[in-house]
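Chemist: In case you want the letters, here they are:
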Amino acid sequence: MSRKLLLTHDNVPNLHTIDVYRSKGGYASVEKALKKMTPEEIVEEVKKSGLRGRGGAGFPTGMKWSFLAKPEGVPRYLVCNADESEPGTFKDRYLMERNPHLLIEGMITSSFALGANTSYIYIRGEYFYVSRILETAIAEAYAKGWLGKNILGTGYNLDLYVQVGAGAYICGEETALLESLEGKRGNPRIKPPFPAIAGLYGCPTVVNNVETIAAVVPIVNDGGDEYAKIGIGRSTGTKLISASGNINKPGVYEIEMGVPVEEFIFSDQYCGGIANGKRMKACVPGGSSVPILPDYLVCKTATGEDRLMTYESLSDGGFATGSMLGSGGFIVYDEHQCVVRNTWNFSRFYHHESCGQCSPCREGTGWMERVLHRLEKGMGNMNDIDLLVELAKKIEGNTICPLGDAAAWPVAAAIKHFRHEFEYHVLYPEKVKDSKHGHKEPIMPVKPAPVMA
Amino acid sequence: MSLLKVTIDNHTIEVPAGTTILQAARLIGKEVAPPAMCYYTKLATSGGYCRTCLVKVSKGSEKDPRPMPKLVASCRTTVMDGMEVQNFTSPEVIEARKGVVEFLLINHPLDCPVCDQAGECHLQDLSYENGRSYSRYEFERRTFDKIDIGDKIKLHMTRCILCYRCVKVADQLTPGRGHGVINRGDVSEISTYIEHAVDNEFSGNMIDVCPVGALTDRTFRFKSRVWFLKPMDAHRDCDKCSGKAVVWKYGNDIYRVTGRKDQWGEVDEWICNTCRYDKKDAKDWTVEGPRKIEKTSVISQNHYEAGTKFVASPETLPVKQLS
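Chains as they are written, first to last, in our numbering: chain A, 11 to 463; chain R, 120 to 442.
Hint data in this document are derived by calculation from the structure and do not stem from the laboratory. Virtual Cβ for every residue (Gly too), placed ideally from N, Cα, C. There could be a bad hint or two in this list.
Unchecked claim - If you only want the chain R side, here are some residues facing chain A, beta carbon under 8 Å, derived:
{"#": "1", "residue": "Cys169"}
{"#": "2", "residue": "Arg185"}
{"#": "3", "residue": "Lys189"}
{"#": "4", "residue": "Arg303"}
As the list claims (entries may be wrong) - Once the Cα atoms are required to be at most 20 Å apart in a straight line, the calculated EDC-like pairs of lysine to aspartate or glutamate come out as:
{"#": "5", "chain 1": "R", "residue 1": "Lys287", "chain 2": "A", "residue 2": "Glu189"}
{"#": "6", "chain 1": "R", "residue 1": "Lys178", "chain 2": "R", "residue 2": "Asp200"}
{"#": "7", "chain 1": "R", "residue 1": "Lys217", "chain 2": "A", "residue 2": "Asp396"}
{"#": "8", "chain 1": "A", "residue 1": "Lys403", "chain 2": "R", "residue 2": "Glu211"}
{"#": "9", "chain 1": "R", "residue 1": "Lys265", "chain 2": "R", "residue 2": "Asp352"}
{"#": "10", "chain 1": "A", "residue 1": "Lys194", "chain 2": "R", "residue 2": "Asp290"}
{"#": "11", "chain 1": "A", "residue 1": "Lys403", "chain 2": "R", "residue 2": "Glu214"}
{"#": "12", "chain 1": "R", "residue 1": "Lys189", "chain 2": "A", "residue 2": "Glu345"}
{"#": "13", "chain 1": "R", "residue 1": "Lys398", "chain 2": "R", "residue 2": "Asp356"}
{"#": "14", "chain 1": "R", "residue 1": "Lys342", "chain 2": "R", "residue 2": "Asp372"}
{"#": "15", "chain 1": "A", "residue 1": "Lys387", "chain 2": "R", "residue 2": "Asp318"}
{"#": "16", "chain 1": "A", "residue 1": "Lys201", "chain 2": "R", "residue 2": "Glu214"}
{"#": "17", "chain 1": "R", "residue 1": "Lys178", "chain 2": "R", "residue 2": "Glu211"}
{"#": "18", "chain 1": "R", "residue 1": "Lys189", "chain 2": "A", "residue 2": "Asp394"}
{"#": "19", "chain 1": "R", "residue 1": "Lys380", "chain 2": "R", "residue 2": "Asp352"}
{"#": "20", "chain 1": "A", "residue 1": "Lys426", "chain 2": "A", "residue 2": "Glu440"}
{"#": "21", "chain 1": "R", "residue 1": "Lys217", "chain 2": "A", "residue 2": "Asp394"}
{"#": "22", "chain 1": "R", "residue 1": "Lys217", "chain 2": "A", "residue 2": "Asp415"}
{"#": "23", "chain 1": "A", "residue 1": "Lys46", "chain 2": "A", "residue 2": "Asp235"}
{"#": "24", "chain 1": "R", "residue 1": "Lys175", "chain 2": "A", "residue 2": "Asp235"}
{"#": "25", "chain 1": "A", "residue 1": "Lys201", "chain 2": "A", "residue 2": "Asp235"}
{"#": "26", "chain 1": "A", "residue 1": "Lys194", "chain 2": "R", "residue 2": "Asp400"}
{"#": "27", "chain 1": "R", "residue 1": "Lys217", "chain 2": "A", "residue 2": "Glu273"}
{"#": "28", "chain 1": "R", "residue 1": "Lys175", "chain 2": "R", "residue 2": "Asp230"}
{"#": "29", "chain 1": "A", "residue 1": "Lys159", "chain 2": "A", "residue 2": "Glu41"}
{"#": "30", "chain 1": "R", "residue 1": "Lys398", "chain 2": "R", "residue 2": "Glu388"}
{"#": "31", "chain 1": "R", "residue 1": "Lys402", "chain 2": "R", "residue 2": "Asp352"}
{"#": "32", "chain 1": "R", "residue 1": "Lys287", "chain 2": "A", "residue 2": "Glu192"}
{"#": "33", "chain 1": "A", "residue 1": "Lys14", "chain 2": "A", "residue 2": "Glu266"}
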């Protein structure tokens, strides 16, 4: 059984109450941090731990923290990004539902490390009930003196607020999140300046994912070196994976970095294999915005090595034969799923969620969605496939924020690996008219897997 | 203050710190300046939206010579000492710009023959330089109803490319903003607060900053094509603005009044609504002389003396007799 750091006690009844949480050793990191450590020591521990951002980009957290500008007389802010909206990702919701105090504890410790006296948890609008859970937990923490003025008699003050968004995916982008938190339209800002210099209300701000902040708790408790022992290379610690799709046991799993993908999909400890005894066709390992992998590239890399659940191994081979760990939204498709339909579905999401600020994303996402819809309904032609590749190329990298990339990558990868399926949709329009066409007659890779060197 | 050295398309220039790549390129001249649809020097925080001014930074700076990983919006990226930038010399930039122009045009109605902006439209110039001669977009274009914002401005949202310039004018030039962007994605639209009138002294500058024909002057709409008019520099004593404007004349009649635009299409000084809409009598203005118009502009085609001679008649029309 792999080691758990975040979901250790998640089956304990009433873990969301502060008394039960305390009895399981909760808030120990706050006591240790505030009484025995200096903020610089905590940042040092986080650097040593090798913790990388769990929201998708995988930027080293310690480095992000050390970039925070510290001008005199200007407040600093810590903002927790709980706007988890990526299709296929639901780990933060699970963590906040089951164990809200872990996030609050992480917020207190991290805020102390960064010198923030006001911190925010920005949670997506659809998680309204989770915001209630968090607010109850915060009220408990205030009542017990973990938040507010003069915490534990150390003279450190912290106010923690929960802000509910209006349910826009774009507000998960850190600068759009800050705009929304300031009460404006959630449009991403043009960077630079980065939030570490001018963030919330123009003050230095750190924005971290829920899981990242929660991971600070075990790092402070056990030390950064201990945390860095888990995992492989630059991927350290544990990661929450939201497994979904055609698998026997969908759910949130905490894995040690470095578990082989094959073991994760097929072992009974995790996903438990493909449902209904079918074959795996494809896998999206990191949420809807990362490239899709065909079956022969899921468990092995293009060079024939075992693919592991790490940042490096999943992106091995670049976008030609690899993907990304992303936010850990692990979606598995069986042989009866239609890749074109899936790509259209993702594309429809990005079209709907584009903020409309910069032209390639505003116009391009809509265009891609319409072309994909036409292909999916059997009304497309062969030129459409090349058109999609070109559109994806024109959007990628030319936009203000990464939403454009996120919209372009899945389309480009799906065509790269499953071009024959797109062609099938053009060649046999009468077979794909029915929206459940894949279920009746599996569209399997017609071409065999290429021989790996 | 020390000057920073920046090289754009092999032209080197020294500029003060804080200058953007676009500004530095404009200092060098037209041959290296990237096109800009949303950036406006006089409007703070403008720029970065349209992505037509994307350039490639092949060398970050003297200290950190790594190239930037992506193309950057030159209007919002400040120069570093020793930076090397590629604009027209980079095929990657040209390709990306062509993509952006195509994206801008897919939902544009291309109704230039009936659009008042034709002849002085930045999108027209941009698509002439970077666009393709046909559209690959085979779906229904988005359309909106025309809205009157105030009694002087017509908003034709279908033509809008969402450059946000007019929003910045409303934010920065006029008090009490009642104008902004609603909805999101490809259905976002510029609108006033539940179609309230925009009613303040400098709102007319929205028309001048609009790069396309989305915001037009209702006192001028469908009166004449711009290239039939004679633009003249003129001024008057105005207690609200500088009073320096361009009057567009046909014969002795003033058809419209606009701000004076520089070679980048940006107005030098904002003018007030009184000058713009209410002073249409030749007596109101002291004419300084004809306005310099770029040779390449369609407005210069008539050399100011045309007008009546281009009225279509059966003799001048190149129609082939069919019988």
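Chemist: Look at each hint and say if it fits the structure.
Modeler: Verification of the hints:
1. Cys169: holds (5 Å)
2. Arg185: With a closest approach of 16 Å, the R:Arg185 hint is violated.
3. Lys189: Result: holds, 4 Å to nearest chain A Cβ.
4. Arg303: This hint holds: R:Arg303 lies near chain A, its Cβ roughly 5 Å from the closest one there, short of 8 Å.
5. R:Lys287 to A:Glu189: Measuring from Cα to Cα gives roughly 17 Å; hence the hint holds.
6. R:Lys178 to R:Asp200: It holds: about 10 Å lies between the C-alpha atoms, which stays within 20 Å.
7. R:Lys217 to A:Asp396: holds (17 Å)
8. A:Lys403 to R:Glu211: Roughly 11 Å separates the two Cα atoms, so the pair holds.
9. R:Lys265 to R:Asp352: violated (32 Å)
10. A:Lys194 to R:Asp290: Holds, because 13 Å separates the two Cα atoms, which is no more than 20 Å.
11. A:Lys403 to R:Glu214: holds (10 Å)
12. R:Lys189 to A:Glu345: violated (37 Å)
13. R:Lys398 to R:Asp356: holds (11 Å)
14. R:Lys342 to R:Asp372: The hint holds at about 12 Å.
15. A:Lys387 to R:Asp318: violated (49 Å)
16. A:Lys201 to R:Glu214: Violated, at roughly 23 Å.
17. R:Lys178 to R:Glu211: holds (15 Å)
18. R:Lys189 to A:Asp394: violated (27 Å)
19. R:Lys380 to R:Asp352: holds (11 Å)
20. A:Lys426 to A:Glu440: Since the Cα atoms of A:Lys426 and A:Glu440 sit roughly 24 Å apart, the hinted pair is violated (cutoff 20 Å).
21. R:Lys217 to A:Asp394: Satisfied, since the Cα-Cα distance of roughly 19 Å is no more than 20 Å.
22. R:Lys217 to A:Asp415: Distance of about 18 Å is within 20 Å: holds.
23. A:Lys46 to A:Asp235: The hint holds at about 18 Å.
24. R:Lys175 to A:Asp235: Distance ~41 Å between R:Lys175 and A:Asp235 Cα, so the pair is violated.
25. A:Lys201 to A:Asp235: Violated - the C-alpha atoms of A:Asp235 and A:Lys201 are around 33 Å apart, more than 20 Å.
26. A:Lys194 to R:Asp400: violated (44 Å)
27. R:Lys217 to A:Glu273: violated (46 Å)
28. R:Lys175 to R:Asp230: Between R:Lys175 and R:Asp230 the Cα gap is close to 33 Å, so the pair fails against 20 Å, i.e. violated.
29. A:Lys159 to A:Glu41: Holds, at roughly 15 Å.
30. R:Lys398 to R:Glu388: The hint holds at about 17 Å.
31. R:Lys402 to R:Asp352: holds (14 Å)
32. R:Lys287 to A:Glu192: Within the cut-off at roughly 19 Å; holds.
33. A:Lys14 to A:Glu266: holds (8 Å)
The earlier numbered hints that this structure contradicts are 2, 9, 12, 15, 16, 18, 20, 24, 25, 26, 27 and 28.
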